[in-house]
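Residue numbers (the working numbering), protein chains in the order written: chain P, 1079 to 1244; chain F, 171 to 424.
It is worth saying that the hints were derived from the structure and are not from the lab.
Honestly, I wouldn't trust all of these hints.
[What the hints assert, rightly or not] Quick list of in silico lysine to aspartate or glutamate cross-link-like pairs, DMTMM-like style, CA-CA up to 25 Å: (1) P:K1210 with F:D174; (2) P:K1210 with F:D187; (3) P:K1210 with F:E176; (4) P:K1190 with F:E176; (5) P:K1190 with P:D1110; (6) F:K422 with F:D407; (7) P:K1190 with F:D183.
Values in this document were obtained by computation on a predicted structure and should not be read as measured data.
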Amino acid sequence: MTADTEEISVRLVALLPRLRRFARSLSRNQHDADDLVQLAVERALRAVDQFRAGANLASWMFGIMKNAWIDTCRARGRRAEVALPEDSGEHPAVSPADTDASLWSVSEAMSKLPEEQRLAVALVLVEGMSYKEAAAVLEIPIGTLTSRLARGRSALATALSEEAPA
Amino acid sequence: MNYDDETLMAFADGELDELLSAEIASAMERDPALARRVERHRALRAQVAGAYSTVLEQPVPERLLAAANGSAAPTLTGAPQRRAEVLQFPARTPAAEGPRWGTREWAALAASLVLGMLLSWQFIAPSRRAMVTASNGALVASGALARALDSQLASTQRPEDPVQIGLTFRSQDGNYCRSFTLRRAATAGLACRSSGEWRIAVTAGIAASEGGVRQAASPPPAVLSVIESRIAGDALDAAGEENARLGGWDPKRN
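With the rest of the complex left out, here is chain P (with noise of 0.2 Å):
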């Protein structure tokens, strides 16, 4: 059985602040990440036929976002997936509401991160899966999951205590 594009609509509404959180672990500009969400968004809709009544609409999105960024860091010739210079006077836009000092300085660090680990980072960390259903999401073994997550965390926490020593 096949879900119904209007009730899948209803449900992708009530999902959007999700979508963005995930989208904004991702991508530490706000603009990029909604963009993300409205491909992603757009993606699904034209999909529908291929979510299965019963699955779990969060990992279906997440999934379909994770390709789309993919694709998205890849038409942008991989810039996203090496750390920017420190000083290559290219810092991504940071919108008035950022003035979060917190959501400033994790994104800062995440975004120094490899995509694959910082996937993992954001599915698990950010959006509390279980081990099992990010790996599900990534399409990789759970021992993948957990290397890269490890290894991603390992860098994150070096990251966050050089900006603020305790």
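Following the hints, position chain F against chain P.
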């Protein structure tokens, strides 16, 4: 006993089996250095999760609401009469969609949902026949939901009716209330009569089962608790329900 960092991380994330978890927990009591390593994992997790939680509280941009409503894609696949069956008030998503969510996140979601519902259904797609609309700051039933609440009897309804009526009862202020289930939208709720309208007191998502939504035998806990807080006496039986309908749901009649 020495544990590698991945094991401690998995422990901090609650991913280990009970046996190993218990072993590490007792090792932590004897070994402060081990306890600190675990604490660092927990602290980082809390810091990262906390930082992004503010995003949930931000208003959702209209362009995203429009995209989720399919406004950008003008392909209309459903027949018009099917559209009327769709719930347009998503108050809560089923718990399965939000693993390990805290109260704060649910509250943020609920707040953004009301906003999203108002924006999307009042302004973006006003032509759709909403089942719930806003009226003077309250949410009231409209369309197919209002018709079912007005006229459908639990004793005579058919299982395939899009709206299923559950209990009908008098609330403590004397007004009639009716619980309902919207099958396709996997949502249950309670509506109470006020000033000639059915005001929505609560809605909640219900777990879907294979092949569609489970027939609602009993309302979800969120709805049930509101029913329990409002009900005066017992729910009406079939005759009482029919009498109330004949009286136009006017609390002064009957």
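(request) Tell me, in ascending order, the numbers of any earlier hints that this structure violates. (result) none
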